[in-house]
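**Q** In case you want the letters, here they are:
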Amino acid sequence: MAKEVAILGVGMHPWGKWGKNFVEYGLKACNDALDDAGLAWKDIEVVAGAETVRNGYAGYVAGATFAEALGWSGARVSTSYAACASGAQAINNARAMILADMADVILVVGADTTPKGFLAPNAGERWTDPDWLRFRLMGCTNPTYFALYARRRMDLYGATEADFAAVKVKNARHGMANPNARYHKEFTQEQVLNSPMVADPLRLLEICATSDGAAAVIVSSMEYARKMNVDPIKIRAVSTVTPVYPQSTIEMPYFSTDSAAVVPAPMMEFKESIAHAAYEEAGLGPEDMSLAEVYDLSSALELDWCENVGLCKKGDAEKLLRDGETTLGGRIPVNPSGGLACFGEAVPAQALAQVCELTWQLRGQAGGRQVEGAKAGITANLGLFGHGSSVICSI
Amino acid sequence: MSESKIAPSIEGWYTCGESPHLIGTRCKRCSSYFFPKQEVFCRNPGCRSTEFDEIELSRKGKIWSYTEHFYAPPEPYIFSEPFEPYIIAAVELEEEKMIILGQMAQGVLSQDLTTGLEVELVVEKLYEQDGTDYTVWKWKPAEN
Ligand SMILES: [Zn+2]
Chain R
1 MAKEVAILGV GMHPWGKWGK NFVEYGLKAC NDALDDAGLA WKDIEVVAGA
51 ETVRNGYAGY VAGATFAEAL GWSGARVSTS YAACASGAQA INNARAMILA
101 DMADVILVVG ADTTPKGFLA PNAGERWTDP DWLRFRLMGC TNPTYFALYA
151 RRRMDLYGAT EADFAAVKVK NARHGMANPN ARYHKEFTQE QVLNSPMVAD
201 PLRLLEICAT SDGAAAVIVS SMEYARKMNV DPIKIRAVST VTPVYPQSTI
251 EMPYFSTDSA AVVPAPMMEF KESIAHAAYE EAGLGPEDMS LAEVYDLSSA
301 LELDWCENVG LCKKGDAEKL LRDGETTLGG RIPVNPSGGL ACFGEAVPAQ
351 ALAQVCELTW QLRGQAGGRQ VEGAKAGITA NLGLFGHGSS VICSI
Chain D
396 MSESKIAPSI EGWYTCGESP HLIGTRCKRC SSYFFPKQEV FCRNPGCRST
446 EFDEIELSRK GKIWSYTEHF YAPPEPYIFS EPFEPYIIAA VELEEEKMII
496 LGQMAQGVLS QDLTTGLEVE LVVEKLYEQD GTDYTVWKWK PAEN
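These protein sequence lines map, in sequence, to chains R and D. Sequential numbering from 1 applies to the first sequence in the numbering used here. Sequential numbering from 396 applies to the second sequence in the numbering used here.
In short, the hints are calculated from the structure, not lab data. Mixed in with the good hints, there may be bad ones.
As the list claims (entries may be wrong) - Straight-line distance between alpha carbons at most 25 Å, and here's what the computed PhoX-like set of lysine-lysine pairs gives: (1) R:K42 with R:K28; (2) R:K234 with R:K375; (3) D:K492 with R:K314; (4) R:K314 with D:K455; (5) D:K492 with D:K455; (6) D:K423 with D:K400.
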């Protein structure tokens, strides 16, 4: 089991399309987290930034970008890139420094301004980059992958388009009570099923948008938290595992899997192994979780994640959904924040936003979306190019 | 109409002719298959080979999953107006035990597809640019 670190403060800039520089969003999240923790900027010893590679120069140096914006204080910086999993890696770097006695209190921050429409690859002719080639050679978009998984659920487990729509309806309802969500609008199953088909069987209202947003988390040693006289939410595990060869599930942005002809496929597929590593590290299991925040890039993908984080057996996620277990008030609410369905994706901030939600839920501060008596929760997410991300927190 | 030239959209990834194949590599030491071609270092973590044979992959496989697209994807995808929906299938090769994505051949309808359906590789036009038809590999329901 890993040693615990404390979450002293969390803060977010609401998700949306605000048309500003990402630094501005990050500043708000940082200042809110500092206020939440009752700390001053000068108390922070390290800034751990979650970066993205889309925003040019400043985006490449996210840790330092925010240290400069808050006013150079001599704090150390660290910067992590792991696509959608960048936030978890930034938290993990912060945790490692704390557990190595290199620092007591660290500000972790991620922020993004995202372009409109489908996420497209970087410009230019890049004939050795699978992320570029998949668009050029076959028009393979991100929803392509989500749709392939969704269709597979229909053919293997009897999932229906109505099930996928029900996930969206549930998450839209959850997000109504979240002031940081971008969308506050309830949908009926019929409305979802009447939205335009994008990549069959997935419709426009079932595929997550891209958003601007920022999230910050202040972590400290347990000793530092005790000195501040707080009983903090604890980080019990941070999983940042990569796949095991042969990676035999088709994953973005690749257009082939590894071959399992010589080395047999591992017992656990990649998404399962991400949560598994987190449970091992925390010394907890799925049965100990009160809620889960998972990466619903599409409505159908939430069903895959429910199984991958162990909330039910493979093929049973539709039953879990239909029985109301994953909705607020059910046995194990999934995405009580509203999930990506209500946020849209702000890549380097998203894994941190998941941890913010766990923190508010575990403190009992989640208002109209509160999971009653929440004691522990798990986040799960997967970043492009083999970046796993799962964080477990508990009271 | 002038005769248009034909060229592959990417060099060295597939053969042409009546029975086209994808071109992959196979590790000389551990026999692992790779597509796209792996030529530098074996990705099997238990192998440190740097030598590979170029091979033709099986040209038949079974549909693992599929999806039809109703919106034009962003660049660098190239297409002629008006945009036509297209299907992408993930196809499992039995011998190589790997899944390879590709568009379905033109004229194939989504309602005729199902998981497990046997398909074969064809080479077909992907887009036209400056009087040249650029081809790519695609999948097509197999003829028995
Ligand atoms: Zn080898």
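**Q** It remains to establish, for every hint, whether it holds in the given structure.
**A** Quick rundown of the hints versus the structure:
no.	hint	verdict
1	R:K42 with R:K28	holds (16 Å)
2	R:K234 with R:K375	holds (11 Å)
3	D:K492 with R:K314	holds (22 Å)
4	R:K314 with D:K455	violated (29 Å)
5	D:K492 with D:K455	holds (12 Å)
6	D:K423 with D:K400	violated (37 Å)
Violated hints, in rising order: 4 and 6; the structure is consistent with all others.
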